[in-house]
Amino acid sequence: MDNVIIIEHPLVQHKISLLRDINTGSKEFRELVSETAMLMCYEATRDLPLKTVEVQTPVAIAKTKVITGRKLAFVPILRAGLGMVDGAVKLVPAAKIGHVGIFRDPETKNAVDYYCKLPFDIAEREVIITDIMLATGSTMTKTVEIVKNAGAKNIKIMCIVACPEGIENVHKAYPDVEIYCGAIDEKLDDRLYIVPGMGDAGDRIFGTK
Numbered sequence: 011m012d013n014v015i016i017i018e019h020p021l022v023q024h025k026i027s028l029l030r031d032i033n034t035g036s037k038e039f040r041e042l043v044s045e046t047a048m049l050m051c052y053e054a055t056r057d058l059p060l061k062t063v064e065v066q067t068p069v070a071i072a073k074t075k076v077i078t079g080r081k082l083a084f085v086p087i088l089r090a091g092l093g094m095v096d097g098a099v100k101l102v103p104a105a106k107i108g109h110v111g112i113f114r115d116p117e118t119k120n121a122v123d124y125y126c127k128l129p130f131d132i133a134e135r136e137v138i139i140t141d142i143m144l145a146t147g148s149t150m151t152k153t154v155e156i157v158k159n160a161g162a163k164n165i166k167i168m169c170i171v172a173c174p175e176g177i178e179n180v181h182k183a184y185p186d187v188e189i190y191c192g193a194i195d196e197k198l199d200d201r202l203y204i205v206p207g208m209g210d211a212g213d214r215i216f217g218t219k
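This note's numbering numbers the first residue of the sequence shown as 11 and each following residue consecutively.
Keep in mind that the hints were calculated from the coordinates and are not lab data. Treat the hints with care, as some may be off.
As the list claims (entries may be wrong) - Simulated restraints, written as ranges between beta carbons of each label pair:
1) Phe113 to Pro68: 53 to 61 Å
2) Asn33 to Ala104: 19 to 27 Å
3) Gln66 to Asn164: 28 to 36 Å
4) Pro185 to Thr62: 29 to 37 Å
Unchecked claim - Here are the simulated DSS-like pairs of lysine-lysine, each with C-alpha atoms no more than 30 Å apart in a straight line:
5) Lys73 to Lys127
6) Lys119 to Lys166
7) Lys166 to Lys81
8) Lys37 to Lys61
9) Lys100 to Lys158
10) Lys106 to Lys81
11) Lys100 to Lys37
12) Lys158 to Lys61
13) Lys81 to Lys163
14) Lys106 to Lys75
15) Lys119 to Lys61
16) Lys81 to Lys158
17) Lys163 to Lys100
18) Lys37 to Lys73
19) Lys182 to Lys127
20) Lys106 to Lys182
21) Lys197 to Lys37
22) Lys73 to Lys119
23) Lys119 to Lys100
24) Lys197 to Lys152
25) Lys158 to Lys119
26) Lys75 to Lys61
27) Lys152 to Lys182
28) Lys166 to Lys182
29) Lys158 to Lys127
30) Lys61 to Lys166
31) Lys106 to Lys163
32) Lys119 to Lys182
Glycine residues also receive a C-beta, built at the ideal position from the N, C-alpha and C atoms.
Construct the complete structure from the given sequences, taking the supplied hints into account.
Below you can see the structure in the form of C-alpha cells.
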C-alpha cells in the first residue's frame, strides 16, 4: 500500500503480541502502549532534516549533526491516543501536544468531534496524529481534516494496529498522509472492531468497560 509503513522491528512486534493478549491487564497494557509508541516514533521521525554544527568535546572540536528546520507536534485522538503520547514525547521532549476529541456515533457511525485544542503555531509544525487503532478510519479522517484546517501541511498518522478498511478510507480522503503502523489486521467485524485486533483499546488502557 502506498504511504503505509509497517514497522516490523522485533521489539515492536513482540510488544504488539503482548498487547493483543486478553490476559494483559490495564497497567501492563498502558506501559506496553507507551513503549511501543516510543519505538514507532523513532521510525516515524527518521526523515527529520539535519544540519552540521561544531561542538566542543573534552578532546577537540567535533563536526556533528542536529535536527533543523522542522518542529513537531503530537495530536492524540481522545481517549486511547493519549496512551501513546508519553512514549513519543520521551524521544522528542520539545514537541508540543494538541488534543482532539472525537467519538463515533453508534447510530449513524459518523465521527462527531466534541473537543479540539491545538498548539497556536500548528501550521509551522510537522504533526503526528496518534491513536492505538485505525479501524473504520472515520475518526482519523475527521482529525486530519481538523488539523489541516488549522493550517498544518505535513501530517503523519501513527497507530499500533490498522485494518485495510481504515487505511483505504483515510487515503481516499487524504492520499498524501503517511500511516505508520505496527500491523495491518484482517478486517472489521459486524461491531466495527478490528479482527483479530486487541479489543477496545480505550477500555483496556483505562480499565473501563
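Going down the list of hints, with the structure as the test:
no.	hint	result
1	Phe113 to Pro68: 53 to 61 Å	holds, 55 Å
2	Asn33 to Ala104: 19 to 27 Å	violated, 38 Å
3	Gln66 to Asn164: 28 to 36 Å	holds, 33 Å
4	Pro185 to Thr62: 29 to 37 Å	holds, 34 Å
5	Lys73 to Lys127	violated, 40 Å
6	Lys119 to Lys166	holds, 24 Å
7	Lys166 to Lys81	holds, 13 Å
8	Lys37 to Lys61	violated, 40 Å
9	Lys100 to Lys158	holds, 25 Å
10	Lys106 to Lys81	holds, 9 Å
11	Lys100 to Lys37	holds, 19 Å
12	Lys158 to Lys61	holds, 28 Å
13	Lys81 to Lys163	holds, 12 Å
14	Lys106 to Lys75	holds, 22 Å
15	Lys119 to Lys61	violated, 46 Å
16	Lys81 to Lys158	holds, 16 Å
17	Lys163 to Lys100	holds, 24 Å
18	Lys37 to Lys73	violated, 43 Å
19	Lys182 to Lys127	holds, 26 Å
20	Lys106 to Lys182	holds, 28 Å
21	Lys197 to Lys37	holds, 28 Å
22	Lys73 to Lys119	violated, 55 Å
23	Lys119 to Lys100	violated, 35 Å
24	Lys197 to Lys152	holds, 21 Å
25	Lys158 to Lys119	holds, 22 Å
26	Lys75 to Lys61	holds, 5 Å
27	Lys152 to Lys182	holds, 13 Å
28	Lys166 to Lys182	holds, 15 Å
29	Lys158 to Lys127	holds, 14 Å
30	Lys61 to Lys166	holds, 23 Å
31	Lys106 to Lys163	holds, 16 Å
32	Lys119 to Lys182	holds, 18 Å
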